[in-house]
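**Q** Sequence:
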Amino acid sequence: YLPSLYRSIANINNIWTTIKKNMEKIKVLFVDDDLEFGHIATKILQAADYEVYFQNSLFGIENNIMKLNPNIIILDVMVGEENSLERINDIKLAAEDIPIIFVSSDHDVETEEQATENGAVVYLEKPFDKEKLLLWVKRYAKSNDFSNSRQINIGAYTIDTESHILRYCGNNEKTLSNTEFATFKLLWINKGNVVSRQEFKKTVWKGIFCSDENLNNVVYNLRRYFSKDASIHLETIRGEGFKMWIEDYSA
Numbered sequence: 165y166l167p168s169l170y171r172s173i174a175n176i177n178n179i180w181t182t183i184k185k186n187m188e189k190i191k192v193l194f195v196d197d198d199l200e201f202g203h204i205a206t207k208i209l210q211a212a213d214y215e216v217y218f219q220n221s222l223f224g225i226e227n228n229i230m231k232l233n234p235n236i237i238i239l240d241v242m243v244g245e246e247n248s249l250e251r252i253n254d255i256k257l258a259a260e261d262i263p264i265i266f267v268s269s270d271h272d273v274e275t276e277e278q279a280t281e282n283g284a285v286v287y288l289e290k291p292f293d294k295e296k297l298l299l300w301v302k303r304y305a306k307s308n309d310f311s312n313s314r315q316i317n318i319g320a321y322t323i324d325t326e327s328h329i330l331r332y333c334g335n336n337e338k339t340l341s342n343t344e345f346a347t348f349k350l351l352w353i354n355k356g357n358v359v360s361r362q363e364f365k366k367t368v369w370k371g372i373f374c375s376d377e378n379l380n381n382v383v384y385n386l387r388r389y390f391s392k393d394a395s396i397h398l399e400t401i402r403g404e405g406f407k408m409w410i411e412d413y414s415a
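With the sequence shown counted from 1, adding 164 to any position gets you our numbering.
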């Protein structure tokens, strides 16, 4: 019976190895308005066993990053009429420690410098060969132990997206809980727009039961944390959800 038992155990181990490999497939979010280029690049990455999500606009990119949690992002500088560098602060907040490869048909050194200053791990000029693309994706795709602290500015506050430490004028104020940080992040990347209660429960609590009272308490705490800067507003929109926005005193 023992040889048969050993064979069964070996088969089970092989099955679990295959399942684990599929579960750990590297996810790539590819954002480019060139559909033909995007299709070709997607096929190249899929052939190398990457799980690829392609979108041809910046619409909803921050929410998509939070939902997909990709291992790496490939982002065109100009996506349609929008410059992704102008939204990089919100994109980095959603992405946290996810590496970003910028691609562009613009060979201007100034654009490359701007991309690098805003956290690009690589700046690829179009056209580029597939070996180069696969090389950089393999090198920089986030692994489970990847960490790269990033700081986001919100009025007079800064927040470290790795440690969740909130600072006011450079002084430590509070370390946000995971739930508080995820709630803040969803509000901030949608700043100026109402985020529904249902969206909070789906994105932050991810299917775990959350009462309206629980959500109200988290939002109440965030209001207190950001209360020292009068330009930051966190409103309750009755019957809809919550909205966070910041006044622009320079206007």
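Honestly, the hints are just simulated from the structure, not real lab data.
Errors might be hidden in some of the hints.
As the list claims (entries may be wrong) - Simulated pairs of lysine-lysine, DSS-like, Cα-Cα distance not exceeding 30 Å:
no. : residue 1 : residue 2
1   : K256      : K355
2   : K231      : K207
3   : K231      : K338
4   : K407      : K294
5   : K407      : K366
6   : K370      : K306
7   : K306      : K256
8   : K355      : K392
9   : K294      : K392
10  : K392      : K191
11  : K366      : K306
12  : K256      : K191
13  : K392      : K338
14  : K306      : K191
15  : K306      : K392
16  : K302      : K338
17  : K306      : K290
18  : K338      : K296
19  : K365      : K296
20  : K370      : K256
21  : K338      : K294
22  : K290      : K207
23  : K365      : K306
24  : K294      : K189
25  : K302      : K355
26  : K392      : K189
27  : K338      : K366
28  : K338      : K207
29  : K207      : K191
30  : K290      : K191
Claimed, not checked - Distance ranges between label pairs, derived from CB positions:
no. : residue 1 : residue 2 : range
31  : N336      : S269      : 27 to 37 Å
32  : P291      : I401      : 42 to 52 Å
33  : K189      : G403      : 17 to 27 Å
34  : D261      : E404      : 46 to 56 Å
35  : Q210      : G334      : 19 to 29 Å
36  : D393      : N357      : 35 to 45 Å
37  : T280      : Q362      : 16 to 26 Å
Where a beta carbon is used, it is the ideal one built from N, C-alpha and C, also for glycine.
**Q** Look at each hint and say if it fits the structure.
**A** Here is what the structure says about each hint:
1. K256 <-> K355: Status holds; Cα separation ~15 Å.
2. K231 <-> K207: With a Cα-Cα distance of about 23 Å, the restraint between K231 and K207 holds, given a limit of 30 Å.
3. K231 <-> K338: Holds. K231 to K338 sits at ~26 Å (cutoff 30 Å).
4. K407 <-> K294: With Cα atoms ~43 Å apart, K407 and K294 exceed 30 Å; violated.
5. K407 <-> K366: holds (17 Å)
6. K370 <-> K306: This hinted pair holds, its Cα atoms lying about 22 Å apart.
7. K306 <-> K256: With Cα atoms ~14 Å apart, K306 and K256 stay inside 30 Å; holds.
8. K355 <-> K392: Holds - the C-alpha atoms of K392 and K355 are around 19 Å apart, at most 30 Å.
9. K294 <-> K392: The hint is violated at about 50 Å.
10. K392 <-> K191: violated (39 Å)
11. K366 <-> K306: holds (24 Å)
12. K256 <-> K191: Satisfied, since the Cα-Cα distance of roughly 17 Å is no more than 30 Å.
13. K392 <-> K338: Status holds; Cα separation ~13 Å.
14. K306 <-> K191: holds (9 Å)
15. K306 <-> K392: Given pair K306, K392 is violated - Cα atoms ~36 Å apart, limit 30 Å.
16. K302 <-> K338: At roughly 37 Å apart (the allowed maximum being 30 Å), K338 and K302 break the hint.
17. K306 <-> K290: Cα-Cα ~23 Å, so holds.
18. K338 <-> K296: violated (43 Å)
19. K365 <-> K296: Outside the cut-off at roughly 41 Å; violated.
20. K370 <-> K256: holds (21 Å)
21. K338 <-> K294: violated (45 Å)
22. K290 <-> K207: holds (17 Å)
23. K365 <-> K306: Cα-Cα ~27 Å, so holds.
24. K294 <-> K189: The hint holds at about 19 Å.
25. K302 <-> K355: With Cα atoms ~34 Å apart, K302 and K355 exceed 30 Å; violated.
26. K392 <-> K189: violated (44 Å)
27. K338 <-> K366: Status holds; Cα separation ~26 Å.
28. K338 <-> K207: The hint is violated at about 45 Å.
29. K207 <-> K191: Between K207 and K191 the Cα gap is close to 14 Å, so the pair holds against 30 Å.
30. K290 <-> K191: holds (22 Å)
31. N336 <-> S269: 27 to 37 Å: Cβ of N336 to Cβ of S269: about 44 Å, so the range 27 to 37 Å is violated.
32. P291 <-> I401: 42 to 52 Å: holds (47 Å)
33. K189 <-> G403: 17 to 27 Å: The hinted range 17 to 27 Å is violated for K189 and G403, with Cβ atoms some 41 Å apart.
34. D261 <-> E404: 46 to 56 Å: violated (32 Å)
35. Q210 <-> G334: 19 to 29 Å: Given a distance of about 46 Å, which is not inside 19 to 29 Å, the answer is violated.
36. D393 <-> N357: 35 to 45 Å: Since the Cβ atoms of D393 and N357 sit about 20 Å apart, the hinted range of 35 to 45 Å is violated.
37. T280 <-> Q362: 16 to 26 Å: violated (39 Å)
Hints 4, 9, 10, 15, 16, 18, 19, 21, 25, 26, 28, 31, 33, 34, 35, 36 and 37 from the earlier list are contradicted by this structure; the remaining hints agree with it.
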